Amino acid sequence: MTTTTRIVRETFLWVAGALGALCLLVLAAGWLLNVTPLVFGSGSMSPAYEAGDLGVAREVPAASLEVGDVVSVPTSDGGLVTHRIVDVAPAGEQFLLTLQGDTNNVPDADRYLVSSADRVDLGIPHLGYVVNAATSPFGLVVATVVVLIALWLGFGRRDRTGPDAPRRARLLVPAGAVGAIVVGGLLGAGGQAPWAFTSAYWTDTASVRTTASVPVPLDTTPPVLSAPVPANNASGAGWAPVACTSRASQICVTATDTGGSGVATVFVKVVRNGNECWNGSVFVAGTACQPQQMTVVSGTQYATTGLTAAVMTAGTYQLTFTATDAAGNAATPLVSGFTLTAAPHAQPGCTNTGINGSARISFIDTSNGYQYRVEVRRADNNALTHMAILGSTTNVGQTVTYDVPDTSGGSGQNGNFNVIVQTQTTPGGVNVGTATTTPVHRDPLSGGNDWRAYCGAE
Amino acid sequence: MAEQLVERSRRSWFGRGRTRALLAVGLLVGTGATVTSAYWTSEGTVVPGSVTAGALHIDLDGRQQVKPENAVAWSGLDLTGIPASGSRAAILNVRNNSVGPVSLTYRITGSATNPGALGGNLTVTIRRAGQLSGQQCTNGTVVAGPVAINALSVAASPVLAPNASHDLCIQVTRSATALTTGATSDVTFTFPATQVQP
Chain R
0 MTTTTRIVRE TFLWVAGALG ALCLLVLAAG WLLNVTPLVF GSGSMSPAYE
50 AGDLGVAREV PAASLEVGDV VSVPTSDGGL VTHRIVDVAP AGEQFLLTLQ
100 GDTNNVPDAD RYLVSSADRV DLGIPHLGYV VNAATSPFGL VVATVVVLIA
150 LWLGFGRRDR TGPDAPRRAR LLVPAGAVGA IVVGGLLGAG GQAPWAFTSA
200 YWTDTASVRT TASVPVPLDT TPPVLSAPVP ANNASGAGWA PVACTSRASQ
250 ICVTATDTGG SGVATVFVKV VRNGNECWNG SVFVAGTACQ PQQMTVVSGT
300 QYATTGLTAA VMTAGTYQLT FTATDAAGNA ATPLVSGFTL TAAPHAQPGC
350 TNTGINGSAR ISFIDTSNGY QYRVEVRRAD NNALTHMAIL GSTTNVGQTV
400 TYDVPDTSGG SGQNGNFNVI VQTQTTPGGV NVGTATTTPV HRDPLSGGND
450 WRAYCGAE
Chain U
0 MAEQLVERSR RSWFGRGRTR ALLAVGLLVG TGATVTSAYW TSEGTVVPGS
50 VTAGALHIDL DGRQQVKPEN AVAWSGLDLT GIPASGSRAA ILNVRNNSVG
100 PVSLTYRITG SATNPGALGG NLTVTIRRAG QLSGQQCTNG TVVAGPVAIN
150 ALSVAASPVL APNASHDLCI QVTRSATALT TGATSDVTFT FPATQVQP
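Line by line, the protein sequences are chains R and U. When we follow numbering that gives the first Met the number 0, the leftmost residue of the first sequence carries the number 0, and every step to the right adds one. When we follow numbering that gives the first Met the number 0, the leftmost residue of the second sequence carries the number 0, and every step to the right adds one.
So here's chain R without its partners, still in its complex pose (with noise of 0.2 Å):
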C-alpha cells in the first residue's frame, strides 16, 4: 500500500467516523438535554443568524422568557418561527409572546400562546446547508455511500494474499447499514430525531398616503369692511387717543367673508389735508400713494404696521379701506376720516436757579418742527407782561427752558403771575396746542431795588 493510499483512507475514516459520532452526540444531547439544532431557512435574525445557520436552541419554560431572547415556536400553519421577543404578557398559566425578526420594521402579526420555548441560545454558520441537504434523497445517497466506503475500509480484505473474508461477513457489511438507515428512520418517524427546520421569516410594510377633503362652494359673496379705528370723524388730541389699541398706534379694521373662501387680502391708503399720502414708511406730496396692506391682527381685525406719533401729526385725515377674498371678490371700499391736532404738553416745571432764584420754565417738545409761545401775565388783569417764541429748532424729546425776565411786570411791581405755554404751527400762527399755566411770584430782593421771579404764588 502507497502512502497516498493510505494518508486518503485514514483521513476518510477519521471524517466519516467524526461525523458518525456526531450524529449520534447529537442525537443523544437531543434526548438528554432536550437541546433541539435548528436550521435557519430565512435571514431575518441576520445578522445574529443567517439564513443556512444552525441553531442550537433549548427548551425552558416560558416563565423564564425574557424580552431580547430569540426563541423557536410552532406557528399557525404547522411550521416553527425563530425570531426575538418583544413583549412578553402573562396569559393564564401560559405566556403570550410577540416576536419580531431583527431585520424586520414591525413585530410578526400573530402572537404565540406558549408555555415552553425552544430558546437559540448559539449559532454555528453554514452548518445548517450540510443538515438541510441531509434530509434530501440525494443527502442519503451520499451518507449511504460514505458509510459503505468507511466500512469496506475499517472491514474489507487488506491483503489480497490473506485468505477470503467468510461470505457471513460479506453479508454483515450491507445488513448493517441497511439496519442503521432503519433504526435513524424509526427514531426520526417516532419524532425523536431532535432537529428542526425553522423559518426565520421577513416581513416588510409599504404605505401610501393621499389627503381626502370635502369640496368648497363657489364663493360669489364679497367681504365686508367695518369698524375702522379711528372712528369715522373721530378726533382727537394728538395721535395716541385715537389709534388702535390692539397694535399699538396703527390704524385697524374689520373685515369679514361669509362667502365660504375667506379674506385674502386687506389694503389702506391714507391721505393727509388732501395733499400728502402715507407710502409706507413716511408721508408724501401728493395723493399717488399705492395701498398699504394690512395684516390679520386677530380674529377678523387687520391692521397697518409702521405708523408712529411722529408720522401722524396734527391735521386731517382721509382713509380709504379695501378687501379681497380667496375667491377674487372685492369689498364695497370703506371711507372713513379724522382729525387730529397737536398733542398736549405736559405741565411746564418751574425751579428756581441762582443764589437769589430766579423762575426758570422747562417742558419736553413733543413734536418736530413746531414753536412753542410762552407769555407771562398778570394774575389779578391778565396783562401781558412778557412774551417769547421757542423752539423752532427743537426736536421731540428735548426740554426746552425758558427764563422768566426778573423785570416782568415793570419796575416797582410785584404779585403772581402765570406762565402760559402755547403751541404754535408757525410762529405767529394759530394756536393748536393746549396752554398751561404755571404760576410765579415776582419780590423785591432784600435791602435792594432789584426784582426776581420765584416759582409758585406769593
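Derived from the structure by calculation, the hints contain no laboratory data. Treat the hints with care, as some may be off.
As the list claims (entries may be wrong) - Where chain U lies over chain R, by a calculated footprint (3+ residues, C-beta under 8 Å):
{"#": "1", "region": "40 to 53"}
{"#": "2", "region": "137 to 146"}
{"#": "3", "region": "200 to 212"}
Quantities reported herein were computed from a predicted structural model and do not represent experimental measurements. Glycine included, C-beta positions come from ideal geometry on N, C-alpha and C.
Once you've looked at the hints, dock chain U against the given chain R.
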C-alpha cells in the same frame, strides 16, 4: 519482514479502522432520522424547506423604498373635493422587489384621519386586476369592500412571486351625508408583507 513489522506497528497505533468505520454508521442513523422526520413526522413541528438568503421588499406605486419606510404620497388617487356620494378611483401597483427568491403574501389595512368630519364617511373597494371606468373600478377580483377605510384589514393576495406585481384598482366612495365644507382627512393604505416559506 521489516516492512510487515512497520505496517503492523502503524496499524496498532491508529487501529485497523474498525471503530471509526462503526462510528461512521452513526451518520446513517442520523441521516435516516433527519430524512424520516422531515417527510414523515408525527408532531408536525418539522417542516422541510430550502434555505433562502435574501431580503424581503414590497413596494408600491413604483417607489423603491428601503427601511425606514415612510408613507409615500400617492398622487394617483386625488380625493380633493370629493362630493357627497361621489367616488374616485386609481390603480396602485404592488410589487415584490425582494432580493433573492423570496415570495410574499400581503395584507391591506387602511386609515382615514378626522373620522368625525370626513374620514368616517369614506369607504373603499379594492379589485385586483380591475380596470378604471371613469371614477370607478370594474372587473377583476374583489379583494376588499366596500368597507369603511378605518375598518379595512384584509389578507389580499395569492402569493406574490419575486419580481411579480399586482395592479390593484382602489375606489374610494364618500357617503351621502352632508359634511362641513373644507374638512380634510389623511387617507393611508398600508401593505404589511410576510415572507412565504418555500
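Hint-by-hint comparison with the structure:
no.: 1; hint: 40 to 53; result: holds (count 7)
no.: 2; hint: 137 to 146; result: holds (count 6)
no.: 3; hint: 200 to 212; result: holds (count 13)
When the structure is compared with the earlier hints, no violation turns up for any of them.
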